[in-house]
Amino acid sequence: MEQTFYPTFDPEEERAVRTYAPAGTETVLARLLEEPSLAAAVTHHATLPARDARTAPFPAWLDARIVRGLEDRGITSLYSHQAEAVEAVHAGEDIVVVTPTASGKTLCYALPVLQALAEDPSARALFLFPTKALGQDQVAEFAGLAKASSLQVAAATYDGDTPAPIRSAIRTAGQVVVTNPDMLHSAILPHHTKWFQLFEQVRVIVIDELHTYRGVFGSHVANVLRRLLRLCAHYGSNPIIVCSSATIGNPAELAVQLTGRTHRLIDRNGAPAGARHILLVDPPLLDPATGARGSALTHAERWALPFLRAGRQTIVFGRARVAVEIILTRLREALREHLGPRSRIRGYRGGYLPTERRAIERGLRDGEILGVVSTNALELGVDIGALDVSILAGYPGSVAGTWQQLGRAGRRQETSVGVLIASGSAVDQYVIHHPQFLLEGSPEEARIDPDNLHVLLAHLRCATFERPFEPGDVFGPGPVDELLAFIGEEGHVRQSSDGRWYWSSENFPASEVSLRTAAPENVVIIDTTPDRPRVIGETDLFSAQVLVHSQAIYLHESQQYHVDKLDWGERKAYVRKVDVDYYTYANRAVTLKPLDVFASEPVTGGRRVHGEVMVASLVTLFKKLKFGTDENVGWGPIDLPELELQTTAYWLTYDEADGPGRAAARWRKDDLDVALLGAGRAIQTVAAVLLMVDPRDLGLVTQVRSPHSEAPTIYLYEAVPGGIGLSERLFKRHEELIAGAQALIEACDCDAGCPACTGPRLDPEVNGKSLALRLLAAMRAQRGVVGSAA
Amino acid sequence: MTAAIGLERRFANFRAGLPARSEGVPDQAATRGWDARGTSIGAERLAAAVDGELVRTSRGSFVRVEAPSTLLPVDRGRLANLPGQPPADAPLLCLDTETTGLATAAGTLAFLVGLGWWQGSRFRQIQLLLPDHADEPALLTELASHIPRDGWLVTYNGRGFDWPLLVARYRMAGANPPLHAGHLDLLPLVRRVFRHRMTDARLASVEAELLGLRRHADVAGWEIPSRYLDYLRFGEPGPLVDVVRHNDEDVRSLGRLLVHVDRGYADAASWSEAPAGDLAGLARAFAQEGRNESALGCLDAALASKPQASAVYSVREDDLLAPERARLAIRESRPDDEPWWSPRRAPDFGGRPGRYAVGDAWSAADSSRRDAPWTESRMLTERARILRRLGRYRDAEAAWLALGAARGAIGTLAWVEVAKLREHRLGDLAGAVEAANAALRLAERQAWLGRPLPRLELALGLRLARLGARVARRQATSATRRRIESSVGTPSMPGPSTASEPAAAENMSRAVRSSAPSRAPSIAVATRLARKTSPAPVGSMARLDGIAG
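Just so you know, the sequences run in chain order A and B.
Residues in the first sequence are numbered consecutively from 60, following the numbering used here.
Residues in the second sequence are numbered consecutively from 85, following the numbering used here.
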């Protein structure tokens with residue numbers, strides 16, 4: 060198959076788009092939309108009107124020094140959501156603030172904390188940020204505000220980079236301690252006796268970027284918070300919890316699950332915004348038979364260039380480091396002769412040194428830097444000011460992430476533009492053809508299951524280490540005695556003569572629990588590129604089979620690594636940094652056996668079930684696929700033992716005989732096989748979008764005749780031991796899944812099935828698309844449409 | 085919720101899904117643990133096994149073991165002369181704990197606390213042993229009653245481990261840790277003074293290598309936690325007998341070590357008997373407290389007893405100064421890499437955290453390993469430094485010049501020190517240039533011999549350039565001043581070392597002018613000048629010239 064990765068421009072066409080002189084954002088956008096080849100690819104163009112600020116005066120109780128500090132910084136009143144949040148915290152309510160990027164979230168928690176410190180310098184606050192960089196950024200901002208208010212506040216980050224001599228000072232004197240969940244888990248909680256000043260006096264706990272605590276990580280963090288609050292209670296403190304989150308479908312529910320407390324939802328944004336154009340772009344289909352599409356990278360470059368030439372500050376997001384480098388190189392080449400120093404266009408990604416990153420952030424704020432090409436490293440709250448244009452080369456994987464990236468463009472007064480360009484993947488295609496998905500209330504949910512037994516038991520060990528349990532004590536879902544007796548069988552805990560449960564082992568349990576994986580046994584990923592090899596990550600055995608097998612390309616913080624060797628016996632994967640233009644995909648051969656049914660209900664055309672399953676997985680070979688085109692450029696064998704995974708699953712069985720006139724339309728067995736697989740793929744895609752997970756987190760198995768139900772069945776199982784609550788939600792959102800899958804396949808331009816809908820065509824004679832649609836139609840509820848899928 | 089599956093059902097499925105673990109041995113173990121849990125019968129058996137007394141209090145019970153006291157006289161007044169020692173009238177309490185783990189975190193238990201103190205010239209010892217988790221408050225209360233408010237704790241690695249762990253235990257029990265006046269951790273002292281002749285810094289090595297004691301059938305440290313945890317689970321106190329004896333010996337060794345230090349080192353009169361290396365280490369301890377006079381006395385004593393010392397360390401200096409030293413020095417600047425008992429670990433005397441040692445040329449040359457033997461040149465180096473700190477710059481200069489004669493890396497560095505002294509303290513720029521050139525010559529010789537000192541050479545280049553600039557400035561001002569002074573009187577420069585000022589200035593300018601493009605004339609100048617100041621380097625220069633030529 061002959062295919063050009065980056066089609067060259069037609070000079071005529073490009074000239075029409077060129078604008079050299081400085082121009083307004085609106086003007087450039089209007090010119091771009093006159094260009095037929097670009098306009099044709101726009102699937103949706105929404106204009107969000109400008110919004111005025113809704114403000115409220117500073118609360119009367121706010122310390123005069125803080126008011127002065129704010130006024131010095133040019134802040135004379137609060138936005139309505141800030142005022143609401145600050146008042147609620149002052150009244151002792153737990154809150155969750157959900158407002159877009161750059162709406163002044165920091166003040167919502169900074170003001171109550173500053174007020175508490177102004178009233179009582181012995182007060183303490185704990186800030187949790189998901190990443191180190193974010194924590195350091197926020198501590199600087201907070202300290203700046205404290206200084207402006209002429210308050211002496213000791214605010215410090217306590218993370219892996221904090222030098223040992225400074226640590227003890229922070230433990231005893233740090234009034235505001237900024238850290239991340241991993242540090243809290245392994246360094247602060249087990250050593251709580253050294254932190255007693257913090258635990259005794261903590262008034263406010265801030266949990267920022269709540270939506271990032273989902274899946275396995277979120278389930279762990281929920282348990283870390285259970286431990287934290289248990290210790291606070293022991294030391295006699297009862298802190299208020301302030302959460303902030305990007306826009307997701309279930310922020311309040313997630314906050315409850317994470318903290319075990321009910322939070323007041325604050326989501327009426329009072330910050331002003333200029334008008335915004337949001338454009339969804341789907342690069343045209345190049346080959347209807349295979350489903351090959353134009354490159355998102357090329358389109359991103361074509362959209363970015365005219366804005367940059369007109370002097371508009373523009374950010375381009377790429378999904379991987381290699382994508383960033385490609386776009387950056389091409390933008391710089393195109394701009395050199397027109398824009399002076401190339402350094403006005405910069406790259407930004409995880410691997411850069413902190414000083415470099417700070418310089419770029421500063422450059423963006425003061426306008427020195429015109430354009431930046433970034434991985435999602437700039438997605439979270441790092442302060443770069445507001446830009447004119449944000450272009451996303453590929454859907455970032457979640458609606459929340461999309462808005463955070465789009466939100467990088469959005470000035471208070473002027474018009475801004477956000478462009479989302481779809482790649483050829485099924486998830487991208489689904490989102491790009493459902494604009495209401497992005498624009499009308501997010502249907503995606505962050506799911507966690509803090510009661511996953513693998514996770515719960517791991518943290519129960521840690522909690523016992525930190526403080527003995529009284530008989531009948533409750534940790535999370537219920538009394539702990541039975542679970543502790545179970546752990547006691549290994550000898551790690553024991554019940555003493557006073558009835559309490561004590562830790563009774565030499566081990567340090569927190570060091571054995573990684574917050575990133577559910578199962579205790581993990582494969583450690585070791586980067587051998589530097590002189591001193593270092594551990595860059597961990598993955599559970601089940602994922603390791605497909606992620607870090609020998610010769611796999613492993614992606615970590617947008618950097619590609621080649622797995623030189625997977626030592627299965629030692630549970631170690633040795634990797635080194637590479638830059639290649641392909642990724643690897645391992646085929647998993649799976650057999651699945653239902654163990655227990657938790658819930659089962661009849662639905663149109665069959666039955667939906669939620670239950671527990673045993674999955675046996677064997678991985679035998681992998682493919683190398685080229686970025687952008689998914690062209691197969693090689694393969695290799697994998698020699699790993701079979702693994703068993705006990706997890707939860709959602710499945711639906713199809714009843715051929717059910718429904719009016721259905722018996723007449725009998726299926727051929729081969730057709731049914733193709734239909735189940737195609738429909739299953741589409742359902743898997745929709746499920747991944749709805750629950751904010753990678754499609755790989757949901758395994759798909761289809762059986763033409765399931766030994767269990769004796770009927771055609773589609774299983775979606777969670778690729779995490781014990782599951783994290785995804786399947787339960789899928790069971791509930793069944794109708795949305797069916798409707799969404801149908802819409803996804805119908806909207807696809809391909810002839811008879813492609814990787815963006817029903818999966819690659821296995822047999823040119825078979826029309827996977829129509830077969831899958833036939834099956835889905837039979838399972839589609841006849842009454843009104845559920846959810847947002849059309 | 086439709087599918088709100090209860091924890092019980094999930095737990096049942098979870099257990100069912102595990103590979104058959106819940107059958108067989110562990111179950112049996114758990115049952116046995118059940119029977120044995122902390123009944124008073126268990127505690128009584130424990131007390132009987134370790135030959136102790138079971139003390140019952142309202143907060144629980146503990147086992148008190150008292151060993152017969154031993155004669156161990158110590159002269160506290162004399163001991164207080166040493167650096168870091170408690171005042172003579174403060175009561176001392178030797179303390180050592182046995183624990184269930186190595187982390188000083190919340191879940192680690194100090195199940196045995198050994199205490200020892202002096203009653204006249206006798207050393208008394210008791211031990212407090214915990215029968216069960218639940219009894220901990222009783223043990224902590226008893227321990228607090230033994231710690232006098234005006235007393236000093238004496239421990240081995242207690243600053244980093246035993247005491248923080250006990251503090252954590254008190255906090256866990258909701259109590260404040262007992263107050264005391266000070267804490268003498270003997271580990272840093274042992275590191276400072278004795279590590280040059282010890283295999284490692286563990287207390288067992290102290291006993292064997294300093295006190296000449298051998299323990300028989302001692303229990304290994306790593307075995308101790310599991311012996312206690314097994315007792316908790318299965319109720320068998322037998323294996324703890326060795327642990328109690330081990331702890332008893334540890335506490336007694338704290339007392340013995342203090343006596344050893346008191347007798348051998350506290351009085352300057354006894355220094356002539358001590359190994360030179362010990363004294364050199366002690367000098368460092370004195371110097372760290374700012375007691376430079378005592379440090380100097382210590383070093384002089386060490387150098388006086390040099391003959392035996394150099395017999396012991398017949399290692400050639402050049403072997404110790406292999407080029408990879410620089411690399412080692414960089415590693416050295418990360419003291420946390422080493423386990424606590426390693427002789428290479430930096431001593432921690434408490435107080436404000438110091439900066440990590442910079443891996444500079446000196447640490448590369450003279451102590452790239454903290455446990456490096458105290459060679460004569462290393463002691464002389466130390467002595468010269470202390471002279472400088474005492475403000476005896478002339479003596480310091482002489483000491484460095486003597487070292488400069490030794491050539492090698494140390495000689496090179498000694499000449500650098502001479503240059504610094506002359507420039508900053510003696511106001512002798514000409515001499516400084518001359519010394520810097522001598523250092524450069526030696527550095528080049530080192531390079532010739534395949535032991536290059538690239539960073540030092542670079543630093544020397546910069547130093548010479550800077551000196552050149554200063555000389556030029558000085559010349560300009562002195563020319564002006566001469567014009568003025570010729571009508572006023574004779575100026576007195578602070579400490580001109582070699583020639584009269586105009587001659588020196590001339591030499592300086594020549595030396596500096598020539599040093600940059602070609603080194604040959606500068607060597608001539610340096611050699612000529614060196615001949616006037618110290619005879620030592622001249623020979624080496626001549627030989628060097630021969631090699632270079």
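Honestly, I wouldn't trust all of these hints.
Unchecked claim - Partner residues are not named here, just some residues of chain B that face chain A (Cβ under 8 Å, in silico):
1) S153
2) T154
3) D216
4) V251
Claimed, not checked - Pairwise CB distance ranges (calculated):
5) A/D532 with B/G296: 50 to 60 Å
6) A/D220 with B/P536: 33 to 43 Å
7) A/D557 with B/P457: 51 to 61 Å
8) B/P536 with A/Q211: 34 to 44 Å
9) A/S209 with B/D479: 46 to 56 Å
10) A/P222 with B/P457: 27 to 37 Å
11) A/D590 with B/G305: 52 to 62 Å
12) A/V649 with B/G258: 33 to 43 Å
13) B/A100 with A/D590: 31 to 41 Å
14) B/P536 with A/S227: 38 to 48 Å
15) A/L614 with B/G258: 40 to 50 Å
16) B/A301 with A/K631: 36 to 46 Å
Unchecked claim - Chain A side only, calculated, beta carbon under 10 Å to chain B, not exhaustive:
17) P527
18) Y642
19) G781
Please keep in mind that the hints were generated in silico from the structure rather than gathered at the bench.
Note that the Cβ used here is the ideal one computed from N, Cα and C, for glycine as well.
Tested hints:
no.	hint	result
1	S153	34 Å, violated
2	T154	33 Å, violated
3	D216	5 Å, holds
4	V251	7 Å, holds
5	A/D532 with B/G296: 50 to 60 Å	54 Å, holds
6	A/D220 with B/P536: 33 to 43 Å	35 Å, holds
7	A/D557 with B/P457: 51 to 61 Å	56 Å, holds
8	B/P536 with A/Q211: 34 to 44 Å	52 Å, violated
9	A/S209 with B/D479: 46 to 56 Å	53 Å, holds
10	A/P222 with B/P457: 27 to 37 Å	32 Å, holds
11	A/D590 with B/G305: 52 to 62 Å	33 Å, violated
12	A/V649 with B/G258: 33 to 43 Å	53 Å, violated
13	B/A100 with A/D590: 31 to 41 Å	48 Å, violated
14	B/P536 with A/S227: 38 to 48 Å	41 Å, holds
15	A/L614 with B/G258: 40 to 50 Å	49 Å, holds
16	B/A301 with A/K631: 36 to 46 Å	40 Å, holds
17	P527	7 Å, holds
18	Y642	33 Å, violated
19	G781	7 Å, holds
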